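A.B. asks: Below are the chains, spelled out letter by letter.
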Amino acid sequence: MSILVDSRTRLIVQGITGRDGSFHARQMIDYGTNVVAGVTPGKGGTRVDGLDVPVFDTVREAVEAAQANASVIYVPASASADAILESADAGVQLVICITEGIPVNDMLRVHHLLAGGNITIVGPNCPGVISPGKCKVGIMPGFIHKPGRVGVVSRSGTLTYEIVYALTQAGIGQSTCVGVGGDPVIGSKFTDLLPKFEADPDTDAVVLVGEIGGADEEEAAAWYTRSPRRIRIVAFIAGVSAPPGKRMGHAGAIISGGKGTAKDKIETLMNHGIPVASDTSQIPDLVKKVPG
Amino acid sequence: MSILVDSRTRLIVQGITGRDGSFHARQMIDYGTNVVAGVTPGKGGTRVDGLDVPVFDTVREAVEAAQANASVIYVPASASADAILESADAGVQLVICITEGIPVNDMLRVHHLLAGGNITIVGPNCPGVISPGKCKVGIMPGFIHKPGRVGVVSRSGTLTYEIVYALTQAGIGQSTCVGVGGDPVIGSKFTDLLPKFEADPDTDAVVLVGEIGGADEEEAAAWYTRSPRRIRIVAFIAGVSAPPGKRMGHAGAIISGGKGTAKDKIETLMNHGIPVASDTSQIPDLVKKVPG
Amino acid sequence: MKIHEYQARSLFESAGIPVARAGIAQTPSEARAVAEKLGVPVAVKAQVHVGGRGKAGGVKLANTPSEVETAAREILGMKIKGSTVRTVLVMEKVDIAQELYLGMVFDRDHRGYTVIASSAGGIDIEEVSAKTPEKIHRVFVHPVQGFSPHQAREVAFRLGVPKKASLEIARTLVLLHRVFVQTDATLAEINPYVVRPDETTVAIDAKMNFDDNALFRQKSVESMRDTGEEEPLEVEAKNADLAYVHLGGDIGIIGNGAGLVMTTLDVVTAAGGKPANFLDIGGSSSPEKVRRAMEIVLKEPGLRVIFINVFGGITRCDDVANGLVQVFKKMNVPSPIVIRMTGTNVDQGMKILNDSGLNLKTFPTMQAAAKEAARLAKP
Amino acid sequence: MKIHEYQARSLFESAGIPVARAGIAQTPSEARAVAEKLGVPVAVKAQVHVGGRGKAGGVKLANTPSEVETAAREILGMKIKGSTVRTVLVMEKVDIAQELYLGMVFDRDHRGYTVIASSAGGIDIEEVSAKTPEKIHRVFVHPVQGFSPHQAREVAFRLGVPKKASLEIARTLVLLHRVFVQTDATLAEINPYVVRPDETTVAIDAKMNFDDNALFRQKSVESMRDTGEEEPLEVEAKNADLAYVHLGGDIGIIGNGAGLVMTTLDVVTAAGGKPANFLDIGGSSSPEKVRRAMEIVLKEPGLRVIFINVFGGITRCDDVANGLVQVFKKMNVPSPIVIRMTGTNVDQGMKILNDSGLNLKTFPTMQAAAKEAARLAKP
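Just so you know, the protein sequences line up as chains A, B, C and D, in that order. Heads up, the first sequence is in the working numbering, so the first residue is 717 and it goes up one at a time. Heads up, the second sequence is in the working numbering, so the first residue is 717 and it goes up one at a time. Heads up, the third sequence is in the working numbering, so the first residue is 11 and it goes up one at a time. Heads up, the fourth sequence is in the working numbering, so the first residue is 11 and it goes up one at a time.
Wrong hints could be hidden among the right ones.
With a straight-line Cα cutoff of 30 Å, these simulated DSS-like cross-link-like pairs (lysine-lysine) come out [claimed, not checked]: (1) C/K70 <-> C/K47; (2) A/K905 <-> D/K248; (3) A/K979 <-> D/K388; (4) C/K361 <-> C/K340; (5) B/K979 <-> C/K388; (6) D/K299 <-> D/K12.
Derived by calculation from the structure, the hints in this document are not laboratory data. This one's a predicted model, so the numbers in the text were calculated from it and none came from an experiment.
Please model the complete structure; the sequences and the hints are all you need to start from.
C.D. replies: Next comes the structure, spelled out in C-alpha cells:
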C-alpha cells in the first residue's frame, strides 16, 4: 500500500496547456500515472501536442467527464488559490499544488474556506507526491525512487531527491514520498501526513525532512509521543548554520523572533525519541538501525 | 412555560445610556424583567439616572460580572451588527435586536458568521419578545398582554399590539409573543420559532401575523404539514391591497417580481390547513374555534 | 435607491468593466458635441429611472451629428411614465454578434446574493425566466466567503459564446460582484452585455439599485440621488423621516407602524374605499410627526377624506389625542377626518377628540372607521 | 518587502489613522522649510530600513529652525548599520501622557493574523514580551471572517488608558487591519502610539512589511521599494529571479533547490568553512542561471572558493556539466571551483567536467566537496 496516490488515482492536470503543465503531464504519464484530463480555462476542446488527454475549460467538466479524484496544479501563482478552490468545489478529494510564489493571504483564505471539509491539499511550492512504482504526481524525477516500506515527508525539493536517491542506492525503497512545500502556509503539515503513514500497513518508517522556520517539526515530535506509534521516524533538519531573520530561499524558511531555529527543532525531535541525522549521508544507516 | 424569555432570563441592555435604551430599560425593569447589566463602549463604570444597573464597556465584562444569558440591542443601525457579534462572541445565547435600518449586507454577514452556532437572534427591526407576567424584552407596551396559552409570532409592531390587545380583551392570554422583525434578513424566522412553541407544553395555539414580501409564511405553512403538529395555528396577512414593487414601510414588505403577494400567502396557508383571518377583529374567535 | 444608467455605467467603468464609449448631454447641442467626439453612428438614450423607455421612443439611433441633435431635441423634455427626461446618454453604436444578460441581486430566500447570466440578453430577464428558463444560469454567492473567479468562469462557459468572450465575461462578473459589494447594492444589471464579432465584449446598458439603509456609509452613491426622478411627496416624507407610498386614491391614510398602516389600507379597500397613500409615522405618535404627515397627505391630489389609525401603546391615547387636537387647531384641514384609536386610555382619548369642537369623527374599530371614510369619499 | 517610516505613515494617514504632522526632506534647507511650516519644536528622524536608529544618533529633537537645519545636516549622509541616510522625516513634537504599542502580524502558527496592543510602547515589543508579558494583549483575526470593531474595543479597553483614548485606539486598530489586508502586509506596527494629555491619540512611528509574493497585485506598494536600502547583490539576484542571501564568509555557494543549498551551507560550516552566501538557482540548472549566479557570487568581497552543488533530476548531469563548461569557458573566474554533482547520469557529467581542462575539482559527495572547499579557503 501507500498513502494519498496509487494506481486508483485518476488525475486532472490544471494548467495542462502551459509549459510546465504539458512537460510534467508527459513525465507523469510516462511514469504510469493515470492522467485522465487537463484543464485550462478557454482551451477546452483543444489538444496538447503529443498528449492523448482531453482538455476542459472547468474542473467540474473534467471531473464529470473523466471521474477524476485528484488534481495537480501548474497554474501561475496569481491564479493558484482559485484553482485549488475550483477543484474543491468540483468534489476533487486530493489537490497537489506545485506552484511557487502564491500570496500568503490567498493560502490563508483557501485554508479557512476548506477547513473541516473532506479535501486533502498538498503544497503549494512543493515537488508533489509519489508512490514509487504506482503513481507520480508532481515534478520529481521518477527514476530515483524505488518501491518499498519507508515513507518520506519533506519541506524541500531537491534535498528530498538527494535523500530519496541515497535511500534507493542503499537498497531502501519508499512507500510514498510527500513534498509538503516550502511556504509558511501549506495544505498538509507533517502532523496531517504522519497519521496516514501510521495507518498504512506497508509503511514501517518515515524520514522527516524539516528545515528552519515555523513549528511543524515540533508538532510532529509531539504527535509522535502522544500515543504509542507503530511507525518509526528518522529526521533531518536543514539550516543549522542559517542566520536569523533571513529568508533562505523558501518563503517559510526563516528564523523570526528567535523562533524556528534548527537547533531547537533537533533538540525537540531528539527529546521525543526521534533520531536526527547530522548529515544526509547518515540517513540510510539510521533508517536501517532505528529500533522498530 | 413559554419560549425564549422567562423568569430565568438575565438581560443585558446594549446601548443602555442612549435615549431609547435607558427609557426601555426602565420600562422592562418595571415589568419585572431581570436587567442585570448595561453596555455602552466608553461609558463603563458610569450610572444611568434612575437605574440601578451597572454599565460596562464590553459585553464580555457584563457577562462575566453579571452572568447574563440574553441581550437586547438599542444601538444605532451602523453599530448594530457589531453589537450582535459582540454578544455572540461573549457567549450570550439569545440576542434581541430592536434597531431599525441595519444594512442588508451587515445582517447577511451576521447570519452567516453565526450560522450553525448555539445562538438565537430575534430581529432586527422588531418590537422584541414578551412572556407575559414573566419577562418583557423590547419596546412593546406590557399591559396589553395577559399570561395564557397562545403564542404570537409577527413581522409587525403595532399591528401585533393590536392583535394581542384584542386577544387579551377577549380573555385569551399569551404564552410568548415574538416580533420577528420587518427586515428582509432576520435572525429567527417563523420556522425557527414554531418548533419552539410546538415543544412548549404550555402553548396550545399560535397566531402567525405575516405580511407581503419574502416566503416566510409559505415556509411556515410547509413546516406545519410536514409532520403531525400538536399546536394549532391561526394566521393573518397584512398587505392584501398593497401594490407590487413598493416598499410598504418595512424594508422586507415588498412584492418583487410578482412574488410575496398576500393573496399567494393566504392561499398557501389555507391549503395547509391554517385558517387565515380576513380581519384582525376575527382573530380571537378563530383562535377559540380552531380545531385542537 | 435607484440611479441613472449613465451613473451606473460610470461605476462599472471605474470597476474595470468594459463599457461602450459614451457621454451625457443636457441639450441638443451638447449631444451633438458628444457625438462628434465619439464619431457617428450613435444611440441617443433617455436617462430616466422608470423602465420601458425604448417602447416610449426614448432611445433613437442617429447616423449624423445633425440627426443626433434632432434625436436629442425629441427626447429631452419627453415624459416617460411620469418622468421628464432631463439628460440623454450619447453612446457609440456597437457591432453585435450576441446579446447577453449579466446581473447580480440580493437573494432574500438564500440570505446571500445570486449572480445571473443569460444567453438571452436585451430583453426582460423575467420574461426569459418564464419562457426559456434553460437560458438562465445562476450561482449563489456567499456573503462571507465571497465570489471566486472559477465560479464566474463556470457560469461564463455555459453561455455558448466564443472562449475568448467567456473569459472576458467571467472577468466582468468578478468585477460586477466587487462593485456590488463595495457599494452596498441590492441589484446590478448589464442588459445587454454584448459579444462583438471579434469576440471582445462590452456593456451597453447599466443599472444599479442600492440599499437605502447603507447610504450612511456610501456617500458617493448617495450623491447620485436624483430627487427629480422620485415622487415629490416621497422625497418630502423621507426628509421628515416618514415612510410614505403614493397609491392614487382619495382617502388619505396615516397610522403608526407599517403593519398597522398596511392593514388599514386593506380594511379601507375592503370597505370599498380607495386609499390615496400609505403613511407610517412610526411606532410613536408625536404631534410633530402627525403635523408633517398631515402636510404631506393634504398635498395628495383629489383627496376627499383623511383616516388616522393609532394604536396607543407606551404612549397613552389621551396624550395622543391632545397632540392631535393641538395640531389640528393650528392647521387648516379642508377634508373631513376620521380617527380610530385603540390601546392605553382609549376612552379618555376619544373623549378629548370628541369634545374638541373640531370636525373629527372617532371610532373604536378599524372596520367602522373604514366604512365611514369610504362613505365620506363617495362623490 | 520593507518600506520607510514616512511611507508607512502615509499609508496609515490615507487609511484614516491619526498620525503626527510631518514632512520629509532630502536636504537641511528642506528640513528647515518643513519645520517652519509645522512650527517648532520638531523631531528630525533618519529614514532607514534597519532598526536602532535612535541609539545610532539618527533621531534628534530641534527647538528652532536653525537647530533643525543642523540636526538634518548631521543625520543626512549618516551610516546606520550599513544604510546611508538619504531622507529625514521632520515631525511635530507631540505631548505624551502615555506611550502604547499597536500592531498586526501574520500569524503562521494559527494560520491567520494577530492584532497586538501593549500598554508599554516606545520600546521593543519582544523585550516587553519577555519581561512584562501581562502588558501585551492579543486577538486572533480570522482571514475570512475578518476583524470586528468589538474585537478592537475589547483589546483597547484593556490598556488602562482613558475611555476616550480607548475608543480612538479601537478605531485605529480597525483601520490598521483594513490597510494591512488591503496591501497584503505581513506586519504593521505603530510604536509608539501616543495618548496625549487631552486623551486624544496619535501615531508617532510607522512600520510596514509586505508579502513579496503579493506585489504583483500591489503596484502602489511596490513603487515604494527603495533598492538603495537593500543589499546590491540581493537586488541583482532578485532581478535575475535567483534567491540570494549575503552571509559574509569566503566560500561562495551555488546550488539548485533551497533545502539543498541550506544543507550545503551546513556541511561547509561543519567542515570549518565560512559560506559567503546562499544562492539558489531553483529546481533546474540552466546554463543562463548558472552564469547569472556566478556573476553575483564573484562580486562577494573576499571570495576564495566557489562551491557548486547540483542534484541532477529530470535534467541529466551530463547536460548540466555541458552547460557549466560552456559558461566557465566564457567567464574569467579567478577563484578555484569545487563541484559536487549527483543524480541522473552523474558519471558522464563528472567525466565531462574533469575532461574540460578547466580549473574544476569534482566530488561525488557533499561532505568531501565541502572539506576541499574549506581547505582551499584557508589563507
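A.B. asks: Are the hints correct? Go through all of them and say.
C.D. replies: Against the structure, the hints come out as follows:
no.	hint	in the structure
1	C/K70 <-> C/K47	18 Å, holds
2	A/K905 <-> D/K248	29 Å, holds
3	A/K979 <-> D/K388	27 Å, holds
4	C/K361 <-> C/K340	20 Å, holds
5	B/K979 <-> C/K388	27 Å, holds
6	D/K299 <-> D/K12	26 Å, holds
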